[in-house]
Amino acid sequence: MTAAVTTPGAAGTGSSRTGAAIDAARERGGAALVGYLPVGFPDLATSVEAARAMVAEGVDVVELGLPYSDPVMDGPVIQAAAQAALEGGFRVRDVLTAVEQVAATGAAVLVMTYWNPVVRYGVDAWARDLAAAGGAGLITPDLIPDEGQDWLEASAAADLDRVFLVAPSSTPQRLASTSAACRGFVYAASTMGVTGVRASVGGDAERLVRDTRAAGAERVCVGLGVSTADQAAEVAGFADGVIVGSALVRALGDGGVRSVGAVAADLAAGVRR
Amino acid sequence: MSTSTPPRAGTATGLPEGAALSSASGPYFGEFGGRFVPEALVAALDELDAAFTQAWADPSFRAELDELHRTYTGRPSILTEAPRFAAHGGGARVFLKREDLNHTGSHKINNVLGQALLTKRMGKTRVIAETGAGQHGVASATAAALLDLECVVYMGERDTERQALNVARMRLLGAEVVPVRTGSRTLKDALNEAMRDWVANVDDTHYLLGTVAGPHPFPTMVRELHRVIGEEARAQVLERVGRLPDVVVACVGGGSNAMGIFHAFLDDADVALLGLEAGGDGVATGRHASSITGGAPGVLHGARSMLLQDDDGQTVESHSISAGLDYPGVGPEHAWLAATGRAQYRPVTDDEAMQAMRLLCRTEGIIPAIETAHALAGALEEGRRLGPDGVVLVNLSGRGDKDVDTAARWFDLVSDEDLVAAEDVRTDRADDGVHAGPDVVAGGEPRDEGVPEQGPGSRTDRGDAPVDGSADGPADDGAEAPTGARGDR
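Protein chains in written order, with our numbering: chain A, 1 to 273; chain B, 1 to 489.
Read the hints as simulated data drawn from the structure, not as lab findings.
Check before you lean on any hint, since a few could be wrong.
As the list claims (entries may be wrong) - Restraint-style ranges between C-beta atoms, simulated for each label pair:
| no. | chain 1 | residue 1 | chain 2 | residue 2 | range |
| --- | --- | --- | --- | --- | --- |
| 1 | A | A132 | B | D401 | 54 to 62 Å |
| 2 | B | T71 | A | E87 | 22 to 30 Å |
| 3 | A | P172 | B | D148 | 30 to 38 Å |
| 4 | A | E87 | B | G282 | 24 to 32 Å |
| 5 | A | G106 | B | E17 | 50 to 58 Å |
| 6 | A | D124 | B | G74 | 50 to 58 Å |
| 7 | A | R207 | B | R121 | 42 to 50 Å |
To be verified - If the Cβ cut is set under 8 Å, some of the chain B residues that face chain A in the computed set are:
| no. | residue |
| --- | --- |
| 8 | F61 |
| 9 | R62 |
| 10 | P76 |
| 11 | I78 |
Even for Gly, the Cβ is constructed at its ideal location relative to N, Cα and C.
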């Protein structure tokens, strides 16, 4: 099924806050650092504090995860954190609170969410409320542009970024259509798999970034598996941004906010090498 | 029964003007269906869609599957009239489509043989499956053994406890069973884990999904593979009664046996279709698995359909005495048939199902699966409504051998001394349960510590060794490769 995707407010128009943050990082030298933490883990206040600490230590774009009961794209670390947040009483509206408080740092704040919570909230209402909270846009791991006409329209109306994923298995046609549907950046999944720490990120990622750019993407950031400064430096050599999740979540679980700050600082040094 | 005329195509059905309801073949069924999946799976779904479409149009593929069904499954399955049972249901004639007599004891074999043949045709060597009651897992393990495929079955840890015998059956058949400890530790979590495995191993692995749910093409493909149930039953009822049944009833979890028997009747305007959902303790209590009766539209496991969810769109845990129906979602084609009014869906409580199970045992000498017993409870109600002139067709989707333990507790059939290690099956059980197995638990820590996670001698490494006992050296019972270790998690 290769449904034609019409993209209202085509890529490049509007004022992508995420795009601006990535471009600023590029001018500074190196690549942007995108840091992920789930809202509500270990509790709402600490998750916000940890996200702000990441920004203070050099994270350029913050990705706030919306904990969901069935996270099929996530590995054990993020699954466990999401489950803990849900058991701790996380509510979807907490994400908007967190966005507001983290965006106050001046960082671009994206929300990473599985699709059903947005469907339940109402796609238009969600776009409106996210924009009002100062959010930059959404990363949608289980929504492909083919199924996302309502989100394409709502995000255009609310001037929000849309980050869809591409994978090593994506065909050139899909790289092109997905890149055209994105605004801000294209999320390149480094390997065929779920989120988590990996020993090596592999050559697939570099090839995928090259192919995605060739398919028309303006900015490509790489995620899945990056956890060390060396890996971050390596990926920064060929991508516009480096996305780190599990390593930060693990640091928060093990050593609290201070630990998150230390890992973020280390990674930030990596992307700027 | 005064059945309302099915909605005309081109109105609320989303089908082209004049098209038969039975022609619906996805990706969408009205507003339901689609492919809400990670991009990484899109290429595999495209490949599967193309491969199935081509195979299904290929007479040699169909002939091979038909021959397997004739000589291995035991098709056609027979139609049994149940007069003593029917006497308790208003005297209407009740006919049982005996899918319980299929090899492996349920309708599930229809789907797995088709998909396993397709796996070979696609050149893949490994299948993964999710299972609730264990019926689909056993069927998958069977097909994998028959067709020489590696097989890994994900099963919620709570289900491995409820259905320990089926875990043993799968292992006996050479499959690896991975208990899933995340979330509610039931079928939905097994499905999540299977999806994660598939994303990581899609090159050599086919996801042998066990029901008419999931992203396109699964709902359509699985229905096509089960369509034989309704086609046979329709002809059998016509031959025996001289007319079509008034109503066709089937239990609905994900909904594969129901779609299989409903499909042949979709365009028979005078035949009512009734799906019985798992009502658990009663829909009003919130402890149930009735996705259509008690759920709302949403996206889960790759498709838009009806599902049990809270105000935030978080999936709500389902409850049913029947592990095979204990799923908070339902196939998109059922959601569509419900929305258009072509089929009706009603809940049956645990107690009603158990009573119907015992009644069939005592009146007909047939022990049905508890899943199937939900349909039998619905059949009794329909019989009372129709009266002696009525004809009710029931899909007897599975046999109840696996459920004898549950029935023994429910009806207090054995003494307390016989149940030394027993716990109340209706109670959620504590984490570290009776299930003994050497496997790594998905989402949790390995149970047999001391096996290195990486490198020589690791689980992954040893997973390449034959586990059928014919290998040189000592039998390596605990060395099944945990699939969780693949894909570098």
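Hints, one by one, checked against the model:
With their beta carbons about 58 Å apart, A132(A) and D401(B) fall inside the hinted range of 54 to 62 Å. In this structure the hint that T71(B) and E87(A) lie 22 to 30 Å apart at CB is violated, the actual value being about 51 Å. A beta carbon spacing of about 35 Å between P172(A) and D148(B) agrees with the range 30 to 38 Å that was offered as a hint. At roughly 26 Å, the beta-carbon separation of E87(A) and G282(B) lies within the given 24 to 32 Å, and the hint holds.
Between G106(A) and E17(B) the C-beta distance comes to about 56 Å, which sits within the given range of 50 to 58 Å. Evaluation of the 50 to 58 Å hint for D124(A) and G74(B) yields a pass: the beta carbon distance comes to about 53 Å. Distance hint for R207(A) and R121(B): a CB-CB separation of about 29 Å, inconsistent with the stated range 42 to 50 Å. Using the Cβ-Cβ criterion of 8 Å, the hint placing F61(B) at the interface with chain A is not satisfied: the shortest such distance is roughly 23 Å.
The beta carbon of R62(B) comes no nearer than 24 Å to any beta carbon in chain A, farther than 8 Å, and the hint placing it at the interface is violated. Violation of the interface hint for P76(B) is found here, the shortest Cβ-Cβ separation to chain A being roughly 35 Å, above the 8 Å cut-off. Taking 8 Å as the C-beta contact cut-off toward chain A, the hint placing I78(B) at the interface is violated, the least distance being around 40 Å.
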